[in-house]
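Take the given structure of chain A and dock chain B to it, following the hints.
Spelled out, the chains give:
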Amino acid sequence: MPVTPRLFTPLTVFDHELLPNLLNCREPGELITFYNVFLQHAEPISKKMQQNTSPDEYVVLAEHAHAIKSSSYSIGAIRLAVLLTELEEAVHAGNRDATATLLRKLGPLCELTFDAIRQHVNELSIR
Amino acid sequence: MNPAQHQSGPAAAHVLILDDDPVYTRILAHQLKQHGFECTICHKDKELLVRLKKGLNPDVFILDYHLGAKEASGLDLCRKLRAYVNKPVIMLSANDSLETKVSCLNAGADQYIVKPCNIAELLARIGVVLRNSPARVHPSDRPPTTLQLDDELTLEWETGKMSGPTGAHMQLTDKEAALLEVLVQHRQSPVSRYEAFQSIYGFDMSPDNRSIDILVSRLRKKIESVNRSIHIKTLRGQGYRLCL
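As given, the protein sequences belong to chains A and B, one line each in that order. Numbered according to my numbering, the first sequence spans residues 1 to 127. Numbered according to my numbering, the second sequence spans residues 1 to 244.
Source of the hints: derived by calculation from the structure; they are not laboratory data. Misleading hints may appear alongside valid ones.
Label pairs and their in silico Cβ distance ranges [claimed, not checked]:
{"hint": "1", "chain 1": "A", "residue 1": "Lys105", "chain 2": "B", "residue 2": "Glu38", "range": "28 to 34 Å"}
{"hint": "2", "chain 1": "A", "residue 1": "Gln51", "chain 2": "B", "residue 2": "Lys33", "range": "47 to 53 Å"}
{"hint": "3", "chain 1": "B", "residue 1": "Leu98", "chain 2": "A", "residue 2": "Gly29", "range": "41 to 47 Å"}
{"hint": "4", "chain 1": "B", "residue 1": "Thr173", "chain 2": "A", "residue 2": "Thr12", "range": "47 to 53 Å"}
{"hint": "5", "chain 1": "A", "residue 1": "Arg26", "chain 2": "B", "residue 2": "Glu38", "range": "23 to 29 Å"}
{"hint": "6", "chain 1": "B", "residue 1": "Gln148", "chain 2": "A", "residue 2": "Arg26", "range": "49 to 55 Å"}
{"hint": "7", "chain 1": "A", "residue 1": "Thr12", "chain 2": "B", "residue 2": "Tyr201", "range": "52 to 58 Å"}
{"hint": "8", "chain 1": "B", "residue 1": "Glu99", "chain 2": "A", "residue 2": "Leu18", "range": "29 to 35 Å"}
{"hint": "9", "chain 1": "A", "residue 1": "Thr12", "chain 2": "B", "residue 2": "Glu121", "range": "22 to 28 Å"}
{"hint": "10", "chain 1": "A", "residue 1": "Thr33", "chain 2": "B", "residue 2": "Ser206", "range": "46 to 52 Å"}
Dumping the calculated DSSO-like pairs for lysine-lysine here, alpha-carbon to alpha-carbon at most 27 Å [said to hold, decoys possible]:
{"hint": "11", "chain 1": "B", "residue 1": "Lys101", "chain 2": "B", "residue 2": "Lys54"}
{"hint": "12", "chain 1": "A", "residue 1": "Lys105", "chain 2": "A", "residue 2": "Lys48"}
{"hint": "13", "chain 1": "B", "residue 1": "Lys70", "chain 2": "A", "residue 2": "Lys47"}
{"hint": "14", "chain 1": "A", "residue 1": "Lys105", "chain 2": "B", "residue 2": "Lys44"}
{"hint": "15", "chain 1": "B", "residue 1": "Lys87", "chain 2": "A", "residue 2": "Lys48"}
{"hint": "16", "chain 1": "B", "residue 1": "Lys54", "chain 2": "A", "residue 2": "Lys47"}
{"hint": "17", "chain 1": "B", "residue 1": "Lys115", "chain 2": "A", "residue 2": "Lys47"}
Each residue gets a CB set at the ideal place from its N, CA and C atoms; glycine is no exception.
This is chain B alone, in the form it adopts within the complex:
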């Protein structure tokens, strides 16, 4: 099967490329278009958010890990895209450190490719993620930048505002929101403290580090203050799980 042909239909698969390098993105888009893909290029995280809110709905995201000092990191965007949009993410980076690769994969990346990459390899990996990705349609009553945790609890990408029933809301810090995004991704199985730490901070956690435990404690209190039907369960020896 041509990798550009997504299983959801005969239309060409739509790839969104987010990279701050205007030359590299053009080259990549040119190569992908030659193979039948539809491509959208974004250079900044804000641009990506605007496009998502306007209804852009790509089949796969290709993200650069390093988007420049003033931008959100590729790791944060990967985790957010996986939690909010739930579409395949391929990380593309000049960084070949094991720590970074593992962090990105734990944050939800489906593939991690080291730059400069061969187009044949990229096409094959796009093919893999599309094959493994069931077609998902977003409910039309909410923008993809709002994460619906259950019928009555939402989290906003841009503001980190968590809203519950009867209009109650709570402001999450960036790290608290990041932890909630990780827990949402791991709804089906517990997430270990190590995995959660790598997904949020992008490097390995030392065994005596209590950051995740402290974050969980703070997040629990905030969730309970807006919605008592959702809680974070501790599974001894396994980690944490969000129970909806």
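In isolation and in its complexed conformation, chain A is listed as follows:
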């Protein structure tokens, strides 16, 4: 069976090239709009997720993970998207230990990701 690269390659926190390639657009103003929509959408949801730490709230947690998973991929937040996918899968599989472990990683990764996107937005805005 072929080995998936994700097992060995550290995933990028934020891939700057993914969105421009997806949109076929390098116009800074246009890109900034998309990044800002993502931040406005994902940040409040990620905060709610970090509050859903009790196993009773894991179903809601999976709903939230699902809600920002696709946009995280699309915007280039690869590591976050993978973590959200794994989190959703862990909840659906009823794996509480894995869910708790992934949940602990979520806060720091969100901070890292959102900071990287904000920094990139700042760079785009002075171009």
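What follows is chain B alone, placed relative to chain A:
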């Protein structure tokens, strides 16, 4: 042929995207507009209904399977759009399970694409559904959220109210309305209990499950109470068929 050019005329084909993710929908709409499509975005099922009632008439619907806990499921919307509006539906979902794909296709989806999808694939699939879709015009005397079963029997999307001649009406449950929608879609050929079950519940039916038979029995009684000219026929070994 450019997939954005619908066979009904030179105007760009109109795509309605229903997905609760504001970022993903914007990206998709941007990509489709670059290829000449006109796009409308809806984030909630209620928003879709309002737009349809106001006369929005897209050529193709792109639906997310999972619209959030408080929304109707993409499966229910797919089945309803196929029964009421009868326009092509493409399901877009992160869910790649065979059961879900089969359920959506049985519920009337023309295509099922797993997210994240490549725009080239999506364009090709939109092209396929538009090529296979004859231009349909809704009669202007009724909103697209009213299903006209025959001259004298209608079903309302929002309320599930079935109305017959002389003002007689009957309230259908969600599942009864769903079964009627499935039967309407399969007017030309019988629908098996398995197909009907998957279209309504979204998963496989066990052989000893009698849900569809019970639903058919209840729906028959309700239809007969408002219009005796329509009935559900049992075709042995094949399933059920709506006879108008």
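Structure-based check of all given hints:
1. Checked against the given bound of 28 to 34 Å, the beta carbons of Lys105(A) and Glu38(B), roughly 42 Å apart, lie outside it.
2. For Gln51(A) and Lys33(B), the hinted distance range of 47 to 53 Å is not satisfied, since their beta carbons lie about 38 Å from each other.
3. Hint check: Leu98(B) to Gly29(A), Cβ distance near 43 Å, so the stated range 41 to 47 Å holds.
4. A hinted range of 47 to 53 Å for the beta carbons of Thr173(B) and Thr12(A) is consistent with their spacing of about 49 Å.
5. Between Arg26(A) and Glu38(B) the beta carbon distance is about 24 Å. The supplied range of 23 to 29 Å therefore holds.
6. With their beta carbons about 50 Å apart, Gln148(B) and Arg26(A) fall inside the hinted range of 49 to 55 Å.
7. Here the CB-CB span from Thr12(A) to Tyr201(B) is close to 40 Å, at odds with the stated 52 to 58 Å.
8. Between Glu99(B) and Leu18(A) the C-beta distance comes to about 31 Å, which sits within the given range of 29 to 35 Å.
9. At about 24 Å, the CB distance of Thr12(A) to Glu121(B) agrees with the hint of 22 to 28 Å.
10. For the pair Thr33(A) and Ser206(B), the supplied restraint of 46 to 52 Å holds, since their beta-carbon distance comes to about 49 Å.
11. With a C-alpha separation of about 31 Å, the suggested pairing of Lys101(B) with Lys54(B) is violated against the 27 Å cut-off.
12. At most 27 Å may separate the alpha-carbon atoms for a hinted pair to count; Lys105(A) and Lys48(A) meet this at roughly 15 Å.
13. Restraint check: the Cα-Cα separation between Lys70(B) and Lys47(A) comes to about 20 Å, which is no more than 27 Å; the hinted pair holds.
14. For the hint pairing Lys105(A) with Lys44(B), the CA-to-CA distance comes to about 31 Å; that exceeds 27 Å, so the pair is violated.
15. Straight-line distance between C-alpha atoms of Lys87(B) and Lys48(A) comes to about 38 Å, which puts the hinted pair past the 27 Å bound.
16. The suggested pairing of Lys54(B) with Lys47(A) is violated, with an alpha-carbon distance near 37 Å, which exceeds 27 Å.
17. A hinted pair counts as satisfied when its Cα atoms are at most 27 Å apart, and Lys115(B) with Lys47(A) qualifies at roughly 25 Å.
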